[in-house]
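Asks: The chain contents come next:
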Amino acid sequence: MFLLEFLGQFMTLNEFAVLAMFLVFIFLLFRGIPVAYALVGVSLIFALIAEILLDPNRAAFRDIIEFDRTGIDYQRLQVLSGRLFGNIVKNPVLVALPMFIFMGLMLDQSGVAQRMMQSMQKLFGGLRGGLSLTVMLIGIILAASTGVIGASVTLLGVMALPAMMAQNYSKPIATGTIASAGTLGILIPPSIMLVIMSDQLAISLGDLFMGALFPGLILGALYIVFIVTYGLINPKAMPAPPTTDEVGWDVVKDVLLAVVPPMFLILLVLGSIFGGIATPTEASGLGALGATLLALANGKLNYKVLKEVSRSTLNTSGYIVGIFLAANFFALVMRRYGGDEIIQGYVTSAFSDPYMIVLFILFIIFLLGFLLDWIEITIIIMPLMLPIIQGLELAVPGFDQVRDPAVVWFAILVAVTLQTSFLTPPVGFALFYLKGVCPPGVSLGHIYRGIIPFVMLQLLGLFIVFQFPALTTWLPAIAYGD
Amino acid sequence: MEPVEDIIKLSDPGEVGRDEHNRGDRFIVQLSNVVAWLFPTLMIAICSQVVLRSSGMNQAWLDDLQWWLYGSAVLVGIAYAVTNNAHVRVDIFFDNYKEDKKSRIEIFGLVWLALPFIILCWDVTVHYAIASVAADEGSDSPNGLHNLWILKVVMNLSFVVIGVAIWSAYVRFLNKLTEPALWKQLLFAFPSTMFLINLVIFYVIWWFLRLTSPADINNRQIGRHPIFDSYEIGVEEIPYTIMITVVVTFLVIGLAYLRDRASHARY
Chain C
1 MFLLEFLGQF
11 MTLNEFAVLA
21 MFLVFIFLLF
31 RGIPVAYALV
41 GVSLIFALIA
51 EILLDPNRAA
61 FRDIIEFDRT
71 GIDYQRLQVL
81 SGRLFGNIVK
91 NPVLVALPMF
101 IFMGLMLDQS
111 GVAQRMMQSM
121 QKLFGGLRGG
131 LSLTVMLIGI
141 ILAASTGVIG
151 ASVTLLGVMA
161 LPAMMAQNYS
171 KPIATGTIAS
181 AGTLGILIPP
191 SIMLVIMSDQ
201 LAISLGDLFM
211 GALFPGLILG
221 ALYIVFIVTY
231 GLINPKAMPA
241 PPTTDEVGWD
251 VVKDVLLAVV
261 PPMFLILLVL
271 GSIFGGIATP
281 TEASGLGALG
291 ATLLALANGK
301 LNYKVLKEVS
311 RSTLNTSGYI
321 VGIFLAANFF
331 ALVMRRYGGD
341 EIIQGYVTSA
351 FSDPYMIVLF
361 ILFIIFLLGF
371 LLDWIEITII
381 IMPLMLPIIQ
391 GLELAVPGFD
401 QVRDPAVVWF
411 AILVAVTLQT
421 SFLTPPVGFA
431 LFYLKGVCPP
441 GVSLGHIYRG
451 IIPFVMLQLL
461 GLFIVFQFPA
471 LTTWLPAIAY
481 GD
Chain U
483 MEPVEDIIKL
493 SDPGEVGRDE
503 HNRGDRFIVQ
513 LSNVVAWLFP
523 TLMIAICSQV
533 VLRSSGMNQA
543 WLDDLQWWLY
553 GSAVLVGIAY
563 AVTNNAHVRV
573 DIFFDNYKED
583 KKSRIEIFGL
593 VWLALPFIIL
603 CWDVTVHYAI
613 ASVAADEGSD
623 SPNGLHNLWI
633 LKVVMNLSFV
643 VIGVAIWSAY
653 VRFLNKLTEP
663 ALWKQLLFAF
673 PSTMFLINLV
683 IFYVIWWFLR
693 LTSPADINNR
703 QIGRHPIFDS
713 YEIGVEEIPY
723 TIMITVVVTF
733 LVIGLAYLRD
743 RASHARY
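Chains C and U, in that order, give the protein sequences.
The numbers in my numbering rise by one with no breaks, and the one at position 88 of the first sequence is 88.
The numbers in my numbering rise by one with no breaks, and the one at position 125 of the second sequence is 607.
Worth double-checking, as some hints may not be accurate.
[As the list claims (entries may be wrong)] The calculated EDC-like cross-link candidates involving lysine to aspartate or glutamate, where the alpha carbons are at most 16 Å apart (straight line), are:
#: 1; chain 1: C; residue 1: K304; chain 2: U; residue 2: E497
#: 2; chain 1: U; residue 1: K584; chain 2: U; residue 2: D573
#: 3; chain 1: U; residue 1: K658; chain 2: U; residue 2: D582
#: 4; chain 1: C; residue 1: K90; chain 2: U; residue 2: D573
#: 5; chain 1: C; residue 1: K90; chain 2: U; residue 2: D622
[Unchecked claim] The following label-pair restraints were derived from C-beta to C-beta distances:
#: 6; chain 1: U; residue 1: S536; chain 2: C; residue 2: P235; range: 51 to 57 Å
#: 7; chain 1: C; residue 1: V347; chain 2: U; residue 2: E719; range: 34 to 40 Å
#: 8; chain 1: U; residue 1: S623; chain 2: C; residue 2: R76; range: 28 to 34 Å
#: 9; chain 1: C; residue 1: F2; chain 2: U; residue 2: V728; range: 31 to 37 Å
#: 10; chain 1: C; residue 1: D68; chain 2: U; residue 2: S493; range: 48 to 54 Å
#: 11; chain 1: U; residue 1: K580; chain 2: C; residue 2: V347; range: 39 to 45 Å
What the hints contain is simulated information worked out from the structure, not anything from laboratory work.
By construction, the Cβ of each residue, glycine as well, lies at the ideal position given by its N, Cα and C atoms.
Please take these sequences and the hints and turn them into a complete structure.
Replies: Right under this line is the structure:
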């Protein structure tokens, strides 16, 4: 009672409950409870507290602290059924989720990455920094295959790191290249993260894909310019191999044969959306079929691969949809406590300048990225931020074509921020995935040192997108314009 | 290039740790193995629709079929991820815990947090599904897939599947800590056990009244029968069914315990 009276001077009981909800959630997370279980658990606990303790005793509570009735009771939880069906099952946008996962897994199995590595190594191998460039280009082209960052960082790490070590590359630069190339996948379309963002922010997936293209390419270009410049300034960090084979036409032919099919796959996905032949959801199905045909062409497709890709797809989409399911309940309970308004109130009153508010949100998301994967952040945090962004009246050009241009711009900013977060020492996810596949002799310290310039480039990229919002909305406007 | 092939090679998620799987786990894995084929089917459905539409033969039912396939597959996918222990977690501290502590955390997450919610989902969607069946609900689009009620029934059943997956995984982890006798299973999953017993009691009473009442009494009136009233202490209201539940829960666990002791005494 005394405690409540003390708290009552600073906050309402609702605010305290919402704060406690997040704290309990974080506590459960750190104990290692899976995110989905922690979300529903904390919601159940607070639904029970409301129904048994807070609501019946509201008169007594109001004497000492401000409190709005939550009105949670078992009968009212019936609304959950319609929401679960409407948000999870009857959701044509999310159909793209398993299809892009399928496409990515299939692409990893199809052997195109190894083929690109082998052939491009021959083409660029004679150049100083050739291997770094190869890794970067594969990262950009194969960005399609990813979304689950661990997969691409691991793939590039196992494939390229031994070759780079053999050529005496400096360890920091080698690992930095791989980690940053591997995380490009969450930004460059078709990315699963953008699929979930479009669902959570209620914006068109086509707009998001087109909007992410320029920022993704700008980041890729920044990386490449950096590697080339670094190689010129500090040749010892990326030595050329002692003996080089003649680069003949057959090498060029090999590279083309290796690069054209995956490029074609990406063009198929993006082009079918761009040309209006298919909806983004349908493009995911085309992409999945394309990747399967690619595996077939490379002789890697058999019953076992198809079976295992399908099962892994079920597994991955299962845990992602599990968080969807849990987040629906969490949002329901939190809204009854008035959590949405409370959080919006806090965030919007933090600064008066709307752009500072955007930066503030990005900073919070950057910090959350240390702790949570993009799946949880996009599903739990994004819906809370949507009304704030819509209410800020940001001057983002929509060229009369893009609906909600500010939200598209914001979504891309969040994507770049998360990518930066996953690269930032000491706890970025990508760095640990890479450490997991490093040969002995490469320490976490090397990785930390190597990644710093790339984090700087990320921040530069973020700054560019922040300063020129048209980068994210011009292409969608053209794509869907008349 | 050999090690690369090895590392990126997929493994069959349901076959990892197969030795520890119990019958429930195997059931989920086998069901999921069948359901996984819905994804290649979905891929073909989508591609056919794109081809058919560009040649002017739009099939509205194929649009519906896409999310029918996706929806039913991913709901089973949740159960599959439970069995494979694939649900995402923050593992910075978890990885360093002792095996016992890990098992206790798994158990707490499964049957104290997740399972009550899944039972709740089942309970709320069962009415939803029944209402849909009764109304013979169809598609939004005139040429779409009719019989939408099938999907709603599937959604309801998938919560049973997820429940089975959680319970089997729970027993698997309990087995690592102690001999999983029935009374221990029920006791250590107390919130889930009690919630389930509550539902059973509620529906048994409800159907008993329904079947013993004359047909002119409607369902709403049955819901107002005195047995569904609450006992009031001050501002708190405790429904009689909850009180019965508490007693029955302890009785059930107690009986399971006595039966277990009796069977031990016999040997």
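Asks: A separate judgement is required for each hint: does it hold in the structure or not?
Replies: Each hint tested on the structure:
In summary, the hint linking K304/C to E497/U is supported, as the alpha carbons are separated by about 13 Å, within the 16 Å threshold. The suggested pairing of K584/U with D573/U holds, with an alpha-carbon distance near 11 Å, which does not exceed 16 Å. Distance check on the hinted pair: K658/U and D582/U sit about 8 Å apart at the alpha-carbon level, within 16 Å; holds. The hinted pair formed by K90/C and D573/U fails the criterion: a straight-line CA distance of about 33 Å is larger than 16 Å.
A hinted pair counts as satisfied when its Cα atoms are at most 16 Å apart, and K90/C with D622/U qualifies at roughly 11 Å. Between S536/U and P235/C the beta carbon distance is about 53 Å. The supplied range of 51 to 57 Å therefore holds. For V347/C and E719/U, the hinted distance range of 34 to 40 Å is satisfied, since their beta carbons lie about 38 Å from each other. As the Cβ distance of S623/U to R76/C is approximately 31 Å, the hint placing it in 28 to 34 Å holds.
Take F2/C and V728/U: their Cβ atoms lie about 32 Å apart, and the range 31 to 37 Å holds. For D68/C paired with S493/U, a C-beta distance near 51 Å keeps the hint of 48 to 54 Å intact. A C-beta distance of roughly 41 Å is found between K580/U and V347/C, which places it inside the suggested range of 39 to 45 Å.
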